[in-house]
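**Q** Sequence:
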Amino acid sequence: MWCKFMVRDKVASMVRPLQELKAFQRVTLSPGEQTTLTVTLPVDMLNFTSYEGQRIC
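Heads up: the sequence shown runs through residues 1 to 57, numbered per UniProt numbering.
Treat the hints loosely; a few may be bogus.
Simulated restraints, written as ranges between beta carbons of each label pair [said to hold, decoys possible]: (1) Val7 / Tyr51: 15 to 23 angstroms; (2) Glu52 / Phe5: 26 to 34 angstroms; (3) Phe24 / Glu52: 24 to 32 angstroms.
What the hints contain is simulated information worked out from the structure, not anything from laboratory work. Glycine included, every Cβ here is placed at the ideal spot set by N, Cα and C.
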């Protein structure tokens, strides 16, 4: 099983992908087994760069 963390920007100032994969983790579970995952994502992973090369928050 793969756990995926996807983000999107509904009000972007420039054209952006509908979704971007920012993190993933493979998890092996037995049938019926459950687990809790914690995803740590640095805030700068949510920024993107403009056409001029400036970071947009």
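**Q** Please test the hint of 24 to 32 angstroms on the beta carbon pair from phenylalanine 24 and glutamate 52.
**A** holds (30 angstroms)
**Q** Are valine 7 and tyrosine 51 spaced within 15 to 23 angstroms by their CB atoms?
**A** holds (20 angstroms)
**Q** Mind checking the hinted window 26 to 34 angstroms against the Cβ distance between glutamate 52 and phenylalanine 5?
**A** Since the Cβ atoms of glutamate 52 and phenylalanine 5 sit about 28 angstroms apart, the hinted range of 26 to 34 angstroms holds.
Checked against the numbered hints above, the structure breaks none of them.
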